[in-house]
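Novice: Protein sequence lines correspond, in order, to chains Y and L.
Each residue of the first sequence is one higher than the last, beginning at 242 in the working numbering.
Each residue of the second sequence is one higher than the last, beginning at 3 in the working numbering.
Treat each hint with caution, since some may be false.
Straight-line distance between alpha carbons at most 20 Å, and here's what the computed EDC-like set of lysine to aspartate or glutamate pairs gives [what the hints assert, rightly or not]:
1. LYS432(Y) with ASP500(Y)
2. LYS56(L) with ASP539(Y)
3. LYS324(Y) with GLU313(Y)
4. LYS56(L) with GLU44(L)
5. LYS56(L) with ASP494(Y)
6. LYS559(Y) with ASP539(Y)
In short, the hints are calculated from the structure, not lab data.
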Amino acid sequence: MSPSGPRSASGAQPDRGAAGSRAGGAAGREMLNPEVVARLSHLDVRARVIVEGFIAGMHRSPFHGFSVEFAEHRPYMPGDPLKNLDWKVWARTDRLLVKQYTEETNLRCHLLLDLSGSMGFRSPRAPMSKIDYARSLSAALAYLMLQQQDAVGTLLFADRPLRFVPARAVRSHLDVILRTLGELEPQGRTKLGPALHELAERIKRRGLVILCSDLMDAPAEVLLGLQHFRHRGHEVVVFHILDPDEVEFPYSDTSTFVDMESGERLTTEPWEIARRYRARLEAWTEHYRRACRENRIDYVRLDTRTPFDQALLAYLEKRTRLQ
Amino acid sequence: MNFLNPLFLFGLLAAAIPIVIHLFTRKRPREVRFSSLEFLSEVNASEIRRIQLKQWLLLLLRTLAVIALALAMSRPVLRASAGPRQGTATTVVVLVDRSGSMGATTPAGSLIQEARRTIESLLATLGPADEMLIVPYDEGPRPLSPRPLSDLPRLRAAVQSLEAGARRTEHRQGLAFAARALAESRSLNRELFWISDFQSAGFAAEDAETPPASLALPAGPWDRVRTYLVPLATGSRPNVALVDAALAPAEGGAALSVTGRAHDVTPGDLAVAAKEIPGDVELGRGFLAMPGRGEATALLPLGRIPDLGGEATIPDDALALDNRRVFAAGRAGTLRVLLREEGGPSPLRIALETGAPASGIALEALDAGALPARIADADAVVIHDLERLGPTELQAVLDYHRGGGALLVVLGRRADPAFWNGSLLADLGAGRLGDLEQAAPGATWRLRRRAAGHPALAGFPPRPGEALSTARFVTLRRMTSAPGTRTLLEFDRDRPALIEAGRTFLFLAPLDTEASDFPVSGAFLPLFHQTVKVLGRGTAAPSLIPGERYGAPAGTGTWRIEDSGGREVAVELVASEGATRLLSAPLERPGLYRVLQGGQLRASFAVNPDPRESDLTVFPEAALIRAFPPGRTTVLMPRADLAKRVREARYGQELWAWFLILALALLVAETVIGRWGLAGAPAASPSQA
Numbered sequence: 242m243s244p245s246g247p248r249s250a251s252g253a254q255p256d257r258g259a260a261g262s263r264a265g266g267a268a269g270r271e272m273l274n275p276e277v278v279a280r281l282s283h284l285d286v287r288a289r290v291i292v293e294g295f296i297a298g299m300h301r302s303p304f305h306g307f308s309v310e311f312a313e314h315r316p317y318m319p320g321d322p323l324k325n326l327d328w329k330v331w332a333r334t335d336r337l338l339v340k341q342y343t344e345e346t347n348l349r350c351h352l353l354l355d356l357s358g359s360m361g362f363r364s365p366r367a368p369m370s371k372i373d374y375a376r377s378l379s380a381a382l383a384y385l386m387l388q389q390q391d392a393v394g395t396l397l398f399a400d401r402p403l404r405f406v407p408a409r410a411v412r413s414h415l416d417v418i419l420r421t422l423g424e425l426e427p428q429g430r431t432k433l434g435p436a437l438h439e440l441a442e443r444i445k446r447r448g449l450v451i452l453c454s455d456l457m458d459a460p461a462e463v464l465l466g467l468q469h470f471r472h473r474g475h476e477v478v479v480f481h482i483l484d485p486d487e488v489e490f491p492y493s494d495t496s497t498f499v500d501m502e503s504g505e506r507l508t509t510e511p512w513e514i515a516r517r518y519r520a521r522l523e524a525w526t527e528h529y530r531r532a533c534r535e536n537r538i539d540y541v542r543l544d545t546r547t548p549f550d551q552a553l554l555a556y557l558e559k560r561t562r563l564q
Numbered sequence: 003m004n005f006l007n008p009l010f011l012f013g014l015l016a017a018a019i020p021i022v023i024h025l026f027t028r029k030r031p032r033e034v035r036f037s038s039l040e041f042l043s044e045v046n047a048s049e050i051r052r053i054q055l056k057q058w059l060l061l062l063l064r065t066l067a068v069i070a071l072a073l074a075m076s077r078p079v080l081r082a083s084a085g086p087r088q089g090t091a092t093t094v095v096v097l098v099d100r101s102g103s104m105g106a107t108t109p110a111g112s113l114i115q116e117a118r119r120t121i122e123s124l125l126a127t128l129g130p131a132d133e134m135l136i137v138p139y140d141e142g143p144r145p146l147s148p149r150p151l152s153d154l155p156r157l158r159a160a161v162q163s164l165e166a167g168a169r170r171t172e173h174r175q176g177l178a179f180a181a182r183a184l185a186e187s188r189s190l191n192r193e194l195f196w197i198s199d200f201q202s203a204g205f206a207a208e209d210a211e212t213p214p215a216s217l218a219l220p221a222g223p224w225d226r227v228r229t230y231l232v233p234l235a236t237g238s239r240p241n242v243a244l245v246d247a248a249l250a251p252a253e254g255g256a257a258l259s260v261t262g263r264a265h266d267v268t269p270g271d272l273a274v275a276a277k278e279i280p281g282d283v284e285l286g287r288g289f290l291a292m293p294g295r296g297e298a299t300a301l302l303p304l305g306r307i308p309d310l311g312g313e314a315t316i317p318d319d320a321l322a323l324d325n326r327r328v329f330a331a332g333r334a335g336t337l338r339v340l341l342r343e344e345g346g347p348s349p350l351r352i353a354l355e356t357g358a359p360a361s362g363i364a365l366e367a368l369d370a371g372a373l374p375a376r377i378a379d380a381d382a383v384v385i386h387d388l389e390r391l392g393p394t395e396l397q398a399v400l401d402y403h404r405g406g407g408a409l410l411v412v413l414g415r416r417a418d419p420a421f422w423n424g425s426l427l428a429d430l431g432a433g434r435l436g437d438l439e440q441a442a443p444g445a446t447w448r449l450r451r452r453a454a455g456h457p458a459l460a461g462f463p464p465r466p467g468e469a470l471s472t473a474r475f476v477t478l479r480r481m482t483s484a485p486g487t488r489t490l491l492e493f494d495r496d497r498p499a500l501i502e503a504g505r506t507f508l509f510l511a512p513l514d515t516e517a518s519d520f521p522v523s524g525a526f527l528p529l530f531h532q533t534v535k536v537l538g539r540g541t542a543a544p545s546l547i548p549g550e551r552y553g554a555p556a557g558t559g560t561w562r563i564e565d566s567g568g569r570e571v572a573v574e575l576v577a578s579e580g581a582t583r584l585l586s587a588p589l590e591r592p593g594l595y596r597v598l599q600g601g602q603l604r605a606s607f608a609v610n611p612d613p614r615e616s617d618l619t620v621f622p623e624a625a626l627i628r629a630f631p632p633g634r635t636t637v638l639m640p641r642a643d644l645a646k647r648v649r650e651a652r653y654g655q656e657l658w659a660w661f662l663i664l665a666l667a668l669l670v671a672e673t674v675i676g677r678w679g680l681a682g683a684p685a686a687s688p689s690q691a
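Based on the provided sequences and hints, a complete structural model is requested.
Specialist: Put into structure tokens, the structure is as follows:
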């Protein structure tokens, strides 16, 4: 597989991607469905399936157009891959020239994964838990980035940073990242603010920071942490991952709700408060959306049934802007 | 409050079900692990009071709904204040008016039809042990059965035969009968349903002009009787009645004098038509200029005098019964009056002959020899100022009088008091005749009315004490009237002028111009015409009214009375004190009747409704209710749901429907409140939280 840049892919818009869905595309889009992905046990397989499904959804061939921008020809040197020979030039001029491409990126991306207890929530209607969704999404992103020869690192945190993998652009780094992503289970209470501040201090070079979290913390502190990244020149994408039941709150019987982080219990009539709860949640997410927009942070709300291409497209759009 | 299904009251225990469910059998909450309780706690804290209030409210509503449902099934009734004792028989007396005014029409039909429907509704309310006595009444009670019946088919059949008559109303007679029937009942529950138009005139005494302001109840067990008044007439109604139609002399030949009486109508001209009976040939037309209230008279020129009689009609109004007035005419309708006097034609003879035959009086002057032979066929005999009668003559007059014959005796200048006191006056029991009395020089007597409301004095000044005319008398005959006689006219308090003693009238003054100028006054002719007619027809009215009997002196032979349709009326020959008299059964139907002797027409007479029945003024309902013991009278309007309202008035008002509605309303409220708060206000933004 040749190193492939994001040029043509980055120019693709979601509509185009949808329009490009043909026979192979339809099958590829299946791969983006969390229900399908959830059946795959290995994270690397998940990442590959998601990315190839995503690309297949955009183009007839997953690698078609995935080339770096052509820069110049140079004479063929022994050892160069034959596939890089420009056969048309050879046919016209009888000279062996190799096509050279401009390497476009030196993007450094950090995937921030929230491992707080609330991320372990999975409702019966959800195909996977929030943390599984976040892992799959992060793995897919890492895979895609490394395919694009971007440097990828990852940070796992709960109330404090738990794991940190520095960003590197080598393909073999994917294994490290995937292993790290699957290493820990959700634990502890969410304290996004301090963790984000600490991570912001730790990442020295400017780059792209992608946060996968349910943001179950005080919004003001979370936003301060994100602003810290912005302050240090990072571009920030927030994938706000929620469970369908958290959004829709479909409970009807009298229930005792147990907080997954604190163990706190609350018995109530869910259908009595559902509407106000939903309104409150909407107001909360809207607050995040507005605040992120004000801080030039990309905010993408996802629930664990949302196909992965939505997140990947958001990333690619961001990537395009960074170009 | 009572309950018709008291066993269902045990259903009230079901009211505990919602409480038990709420308090003890609450489902154990399902445990749900949730990502964060932050929002739940926040929303729950703001909603918890509403939820608790709502739950208690729902509990209350559910409990009340169950209670209301249980009460509805137990059929509660709000007892009437004087409702009957349950489980015992009820005697129901239905007093139903069938007088002429009940033939009045309404948009729903006649009042009597409404009365029939009402009674049928009442029959539907009878229990198996209950009994009913239906008492139609007009001038008197006419019970449909001798005693109360429980036989519903028989009662229904009796109700179907109920028709309005033509007689006048006498409410007190019917009420007195009902009171007796109720007193005789042994039932613990006694009810009187009084169905009538409650015509005000029906409460007036026989001779009274106006009805009383209140009703005096006859003796009866009224404090133990529940009375239901069913007024069929919604209120007083305007009406015009023909109260008189009689042939009258006119310059161009015959004419019909027609009198109409208005009761609260719009003033205006009213068309009157006269037709012959039988044959329906039109005799004449005219108009009555009717006032809003009061009488108007018109003279209708007739093309000819009908042979038997005719009728005058006006357009139909509220009461059709009185829009037709029948009159007898012609030879058969003319009174045969015999005059016995001495000397040349007297002013009295001239007056009685005036206007014949249209006046209705066929006068025949006889001498002493002819009177005994002719007197049997006379309708009235006038004896004018004879000193005395011969023995044969006297015997014939006495026989005639004893047989019901009518006499007008003028006791003037010639009369021998000894003879008259010892013969006719003694037989009459009228009093003692005295001498002639001359007025003091310069003084005169005037003829004044003594009695009110007598038909012989119709049209004269109505109040007692008023002078009949301007005529002045200087000579009169003294007489002391006996108890049992009635002085109609007088000269002053001690000097009677016209005395009524049975079917005999005594006039006590010479009828010559020396004794007075009365013979040349305007009152002379009508007074004696009316007196003779009233005497000759044997009744107090120009025509008979329904309920009266026709009576006339009758010789031997086969007598028959039939109406204009040929229907025979039962008659009998009554022998009394040597004379024979034809007497009919009470005449019920208005119309023209013929009297036949051996198949030969001997007389015709008319029967017309009593004018008092035409006043459709309604007696005040409040006065009726006041007459009965307080709290024992209910007014029921005759509508489709009468049976239901009777049951409610009898047993109380059933409330199950209300409780059912209440239960449904509570359940609806429970549903509405159950959804309360589901569309809550949007939550505050997190930055404000």
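Novice: Determine for every hint whether it applies to the structure shown.
Specialist: Here is what the structure says about each hint:
{"no.": "1", "hint": "LYS432(Y) with ASP500(Y)", "in the structure": "holds (15 Å)"}
{"no.": "2", "hint": "LYS56(L) with ASP539(Y)", "in the structure": "violated (43 Å)"}
{"no.": "3", "hint": "LYS324(Y) with GLU313(Y)", "in the structure": "holds (16 Å)"}
{"no.": "4", "hint": "LYS56(L) with GLU44(L)", "in the structure": "holds (19 Å)"}
{"no.": "5", "hint": "LYS56(L) with ASP494(Y)", "in the structure": "holds (16 Å)"}
{"no.": "6", "hint": "LYS559(Y) with ASP539(Y)", "in the structure": "holds (8 Å)"}
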